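Q: Below, each chain spelled out in residue letters.
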Amino acid sequence: MDRYVITSSRVGEIGTAFVASPSDDIAWLIAGGFIQRSDTHPSKGAKLAIKPDATENEKD
Amino acid sequence: MATSTYLSNPVISIGAVDISDQCTAATLTQTFTELQANAFGSTAVAYVAGLQNNTLTLDLYWSTAASETYATLKALVGTVITTITIKGASGAASPTNPLGTLTGSYLPTLAPVYTLGALTTCSVSFMGGTFAYTEA
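Line by line, the protein sequences are chains A and B.
For the first sequence, the numbering used here begins at 1 and goes up steadily by one.
For the second sequence, the numbering used here begins at 1 and goes up steadily by one.
Hints are computed from structural coordinates only; laboratory data are not their basis.
A few of these clues could be false.
[To be verified] Ranges between beta-carbon positions, derived for each pair: (1) A:R3 <-> B:E135: 39 to 45 Å; (2) A:S9 <-> B:N53: 33 to 39 Å; (3) B:T96 <-> A:V5: 33 to 39 Å; (4) A:R37 <-> B:L116: 40 to 46 Å; (5) A:E13 <-> B:V45: 51 to 57 Å; (6) A:D39 <-> B:N53: 26 to 32 Å; (7) B:M1 <-> A:A31: 18 to 24 Å.
Predicted model, so just to flag it, every value in this text is computed and none were measured.
All residues carry an ideal CB built from backbone N, CA and C; glycine is no exception.
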């Protein structure tokens, strides 16, 4: 799902996420400079140094 | 005498875009076309409601700066606008601050007026569409 950030105070607080309603014309809002697509993607989970299922007992 | 005085705080939004600070007047004309409904035996003209024929006219300053009047309206000429809302004050909609919503109106013209010695203005009329007030 695309995410948008507000770039004009006419739409809301600048820098905050724009929550679109079904009636919003996203292309028009982007063309008018009111919002833009957010480059922020959900962060990936950090890799663990030790796998959760790894046992502490090493084989002899 | 109870009155409603709007000095500076009506809120006009075209879609999600609040254009209030460029607007100096908003004239909403809510109309139901009258249809004559007379029949033999009628003693006076009688009417019933026909189609809605609403118009919302906004007087705006013609700012061409980013995200201002020009940027808002340039792509809307000749199109149907999903929603335009008008409210007397910025607070929540209520019985004393009704929110009017014009849905599916058409913007036929965009005509800025450049005048010597005066701020450039633009009067736009959104025509047609359905209109309704909500109070909550």
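Q: Taking the beta carbons of B:T96 and A:V5, is their distance inside 33 to 39 Å?
A: Distance hint for B:T96, A:V5 holds at roughly 35 Å.
Q: I want to verify a distance hint. Is the separation of the beta carbons of B:M1 and A:A31 within 18 to 24 Å?
A: violated (47 Å)
Q: Just tell me: holds or violated, for the beta carbon distance of A:R37 and B:L116 against 40 to 46 Å?
A: Roughly 42 Å apart at Cβ, these two residues keep to the hinted range, so it holds.
Q: Can the suggested window of 33 to 39 Å be confirmed for the beta-carbon pair A:S9 and B:N53?
A: holds (35 Å)
Q: Should the hint that A:D39 and B:N53 are 26 to 32 Å apart at their CB atoms be regarded as holding?
A: This hint is violated: roughly 46 Å between Cβ atoms.
Q: Could you see if the CB distance from A:E13 to B:V45 stays within 51 to 57 Å?
A: Holds, since A:E13 and B:V45 (Cβ atoms, about 55 Å apart) stay within the stated range.
Q: Indicate whether the distance between the beta carbons of A:R3 and B:E135 respects the range 39 to 45 Å.
A: For A:R3 and B:E135 the Cβ distance comes to about 33 Å; the hint is violated.
Figure legend: structure checked against the earlier numbered hints; hints not met, in rising order: 1, 6 and 7.
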